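Asks: Chains Y and C, in that order, are what the protein sequence lines are.
To convert, count from 1 in the first sequence and add 144; that's our numbering.
To convert, count from 1 in the second sequence and add 6; that's our numbering.
Be a bit skeptical, because a hint or two may be false.
Computed spacing ranges between beta-carbons, pair by pair [as the list claims (entries may be wrong)]: (1) GLY74/C x LEU303/Y: 30 to 38 Å; (2) VAL368/Y x ALA188/C: 44 to 52 Å; (3) VAL122/C x TYR457/Y: 21 to 29 Å; (4) VAL279/Y x LEU172/C: 34 to 42 Å; (5) LEU13/C x GLU361/Y: 30 to 38 Å; (6) ALA186/C x PRO389/Y: 37 to 45 Å; (7) SER63/C x LEU201/Y: 54 to 62 Å; (8) SER31/C x VAL279/Y: 14 to 22 Å; (9) GLU181/C x ARG384/Y: 38 to 46 Å; (10) LEU326/Y x GLY74/C: 40 to 48 Å; (11) GLU374/Y x SER63/C: 56 to 64 Å; (12) PRO240/Y x LEU172/C: 41 to 49 Å.
Covered, in the sense of this in silico footprint (three residues per stretch, anywhere, with C-beta under 8 Å from a C-beta of chain Y), are these stretches of chain C [as the list claims (entries may be wrong)]: (13) 226 to 234; (14) 247 to 260.
In short, the hints are calculated from the structure, not lab data.
Keep in mind it's a predicted model, so treat the numbers as computed, not measured.
Quick reminder that beta carbons are idealized off the backbone N, C-alpha and C, glycines included.
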Amino acid sequence: MKTFLARRALTSLVTFIAVITVVFLLARATGDPLAELENDPRISPATIAAIKAAFGLDKPLHQQYLSYLANLFRGDLGYSLHYKEPVAEVIARKLPYTLALLVPSITLSNYLAYAVGIEVGWRRGSRFDSIFMSVSMFVRSTPYFWLAIVFLYVFSVVLGVTPLFGAVTPGRRFEWSLDWLLDYLWHYALPFTVLTFRGFLSELIYVRNVAVDVLGEDFVTTAVARGLPEKYVKRRYVARNAMLPIVTVLGMRYAFIIDGAILTETVFSYPGTGRLVYEAIFNRDFWLLQGAVVVLAASVIIVNLVIDLLYAYLDPRVRYR
Amino acid sequence: MTMGSALREVLRVLFGSRLGLAGFSILLAFSLVAVFADLLAPYDPYEIVGLPYTPPSDRFPLGTNDIGQDILSEFIYGSRVSLYVGLTAPLIASVLGTLLGLLSGYLGGLVDEVVVGAVDVMLALPSLPLIIILAAYLGPSLNNIVLILAFFGWSGFARVVRAQVLSLRERPYVEAARAAGASGLRIMFRHILPHVVPLIIANLVLSATSAILAEAGLSFLGLGDPTVKSWGQMLRRAQAGHALDQGLLLWVFVPGLGIALLGTGFTLLGIAIEERVNPRLRFSRR
Numbered sequence: 145m146k147t148f149l150a151r152r153a154l155t156s157l158v159t160f161i162a163v164i165t166v167v168f169l170l171a172r173a174t175g176d177p178l179a180e181l182e183n184d185p186r187i188s189p190a191t192i193a194a195i196k197a198a199f200g201l202d203k204p205l206h207q208q209y210l211s212y213l214a215n216l217f218r219g220d221l222g223y224s225l226h227y228k229e230p231v232a233e234v235i236a237r238k239l240p241y242t243l244a245l246l247v248p249s250i251t252l253s254n255y256l257a258y259a260v261g262i263e264v265g266w267r268r269g270s271r272f273d274s275i276f277m278s279v280s281m282f283v284r285s286t287p288y289f290w291l292a293i294v295f296l297y298v299f300s301v302v303l304g305v306t307p308l309f310g311a312v313t314p315g316r317r318f319e320w321s322l323d324w325l326l327d328y329l330w331h332y333a334l335p336f337t338v339l340t341f342r343g344f345l346s347e348l349i350y351v352r353n354v355a356v357d358v359l360g361e362d363f364v365t366t367a368v369a370r371g372l373p374e375k376y377v378k379r380r381y382v383a384r385n386a387m388l389p390i391v392t393v394l395g396m397r398y399a400f401i402i403d404g405a406i407l408t409e410t411v412f413s414y415p416g417t418g419r420l421v422y423e424a425i426f427n428r429d430f431w432l433l434q435g436a437v438v439v440l441a442a443s444v445i446i447v448n449l450v451i452d453l454l455y456a457y458l459d460p461r462v463r464y465r
Numbered sequence: 007m008t009m010g011s012a013l014r015e016v017l018r019v020l021f022g023s024r025l026g027l028a029g030f031s032i033l034l035a036f037s038l039v040a041v042f043a044d045l046l047a048p049y050d051p052y053e054i055v056g057l058p059y060t061p062p063s064d065r066f067p068l069g070t071n072d073i074g075q076d077i078l079s080e081f082i083y084g085s086r087v088s089l090y091v092g093l094t095a096p097l098i099a100s101v102l103g104t105l106l107g108l109l110s111g112y113l114g115g116l117v118d119e120v121v122v123g124a125v126d127v128m129l130a131l132p133s134l135p136l137i138i139i140l141a142a143y144l145g146p147s148l149n150n151i152v153l154i155l156a157f158f159g160w161s162g163f164a165r166v167v168r169a170q171v172l173s174l175r176e177r178p179y180v181e182a183a184r185a186a187g188a189s190g191l192r193i194m195f196r197h198i199l200p201h202v203v204p205l206i207i208a209n210l211v212l213s214a215t216s217a218i219l220a221e222a223g224l225s226f227l228g229l230g231d232p233t234v235k236s237w238g239q240m241l242r243r244a245q246a247g248h249a250l251d252q253g254l255l256l257w258v259f260v261p262g263l264g265i266a267l268l269g270t271g272f273t274l275l276g277i278a279i280e281e282r283v284n285p286r287l288r289f290s291r292r
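In isolation and in its complexed conformation, chain Y is listed as follows (with noise of 0.2 Å):
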């Protein structure tokens, strides 16, 4: 278990390093980080020659990278020329609005797709199948982003049940009151809801056919044909062997919902990290850019790790491969 453990430790580093160097060539082979400066006239050319001897841009490239390198690890995510702050700092205050909704959401959308998937599986070639695995298709088609709009014109202007933007008020400030937390979770129901609704359908159809294909085991043949009851055999036989093929697909369910935080962020002005990017484009702020996605890939790649250890737990054989 250990050296799987630092081996898989070692890839995700490796990947982490992949990513950081991407985002660090693109961003010098394509742009001056300071081009919005030297187009301001009142900007003088010894000031924008002080700020790069300052971020080092005046610097050889390998010399630029080790120095992004060493300031990554040591948390050093650059200037946010838009924020007039350092990045770390916008990141950390948006960070938890995002977790607080992702963390939720996925956990809810996994359960609710493994245990209908099963289900689902377990009935293949009904019309009960049909009737989720269209819709499932259907709903994982949809762009996200017209998602959470639909969902908003349906709740907060036909309805009038939900708020139209924001995680709380506007102008409320942080406190430690029942009335602040009902305000943040009026706010928070309708993104949670968009995220774990497309979540669970678009896994639904994953989960069906991990079960389906377990259904054609001979050892399920040979319970059923022993007579075991069906509700035996679902949950000892079909949903247990399901689960370790689903489990993996979890880390990469993860990546696609760090899209839609960022697209559903955007469409309800949640103040999280997916919406950072969205802002970051808008106002041309590449360092926050960065960072931000930087930040997206690390969690990433760390749920990615927790969830390969989480499956050499429950599967020993993977552990001496």
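Fit chain C to the known structure of chain Y by using the hints.
Replies: Okay, now just chain C, sitting in the frame of chain Y:
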């Protein structure tokens, strides 16, 4: 596989399952709309033909947008862009992935190690954030988006192809070909590739949906090609122009439905092919 048997196989996929037929019909309908856009669209989608924000009427069935272009015509021409992105990006990705998968599976050794390592890293990369970075730096152009999506799509194909090659290369007929003096290239392309093609096609069709969704998402975030009338660009304009506040519901609903239906079409067809290729998944009654 001869032409005749290949054709029979295609027909079997299309008419052998309700799913495949439904998917094929949806794709056919959208393809016809795209091909005959010039005939079907009432106006030039770039031309200003009415007042801005005109509600739906006989003249403008879906109304006009914020600068007075006909929304129905925009929608009809938009099908071309979605089909283009949905077909080209996975196609480029599949060629790249198939070549690497073949080489890696057949040659083994160092080549295999490198390709497998790269695939592992690519699969673990969070694609949308990186696609966003790439699109932001490379600038808004439809072909840039296609290339970026292809770059992030090849790894899935490489993995599937490699796994197939590993099992195929041990088959007696491949050994026979080798004994008869066939070269490595000939064995790869002549004897192994044809058996992998159905699987590649299933993957190709299935990944069209994600390419279409990615283009729409990028357009919505303001990283799409503003000179191209895609459904994603329409939705961006609709959102920026406060379409819902203006009461122009169809401006928002129709392009989104277009994307979802086209994606469903690709998924249905892809699953039908996959079930044909991998019979264990078949929708059979117990």
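Asks: Each hint needs a verdict: does it hold in this structure or not?
Replies: Outcome of the hint check:
The hinted range of 30 to 38 Å is satisfied by GLY74/C and LEU303/Y, whose Cβ atoms lie roughly 32 Å apart. Range check, VAL368/Y to ALA188/C: about 47 Å between beta-carbon atoms, so the 44 to 52 Å window is met. In this structure the hint that VAL122/C and TYR457/Y lie 21 to 29 Å apart at CB holds, the actual value being about 24 Å. Checked against the hint of 34 to 42 Å, the pair VAL279/Y and LEU172/C passes, with Cβ atoms roughly 37 Å apart.
Remark: the range hint 30 to 38 Å for LEU13/C to GLU361/Y is upheld by a beta-carbon distance near 34 Å. Restraint check, ALA186/C to PRO389/Y: a C-beta distance of roughly 40 Å satisfies the suggested window 37 to 45 Å. With their beta carbons about 57 Å apart, SER63/C and LEU201/Y fall inside the hinted range of 54 to 62 Å. About 18 Å separates the C-beta atoms of SER31/C and VAL279/Y, a value consistent with the hinted range of 14 to 22 Å.
Judged by the Cβ atoms, the range 38 to 46 Å given for GLU181/C and ARG384/Y holds: they are separated by roughly 40 Å. Checked against the hint of 40 to 48 Å, the C-beta distance between LEU326/Y and GLY74/C comes to roughly 45 Å, which is consistent with it. Separation of GLU374/Y from SER63/C is about 58 Å and conforms to the stated range, judged on CB atoms against 56 to 64 Å. Between PRO240/Y and LEU172/C the CB atoms are about 45 Å apart, so this pair conforms to the stated range of 41 to 49 Å.
For the region 226 to 234 of chain C, the proposed coverage by chain Y is satisfied: 4 residues have a C-beta within less than 8 Å of a C-beta in that chain, meeting the threshold of three. Under a criterion of three residues with beta carbons nearer than 8 Å to beta carbons of chain Y, the stated coverage of the region 247 to 260 of chain C is upheld, 4 such residues being counted.
The structure meets every hint from the earlier list without exception.
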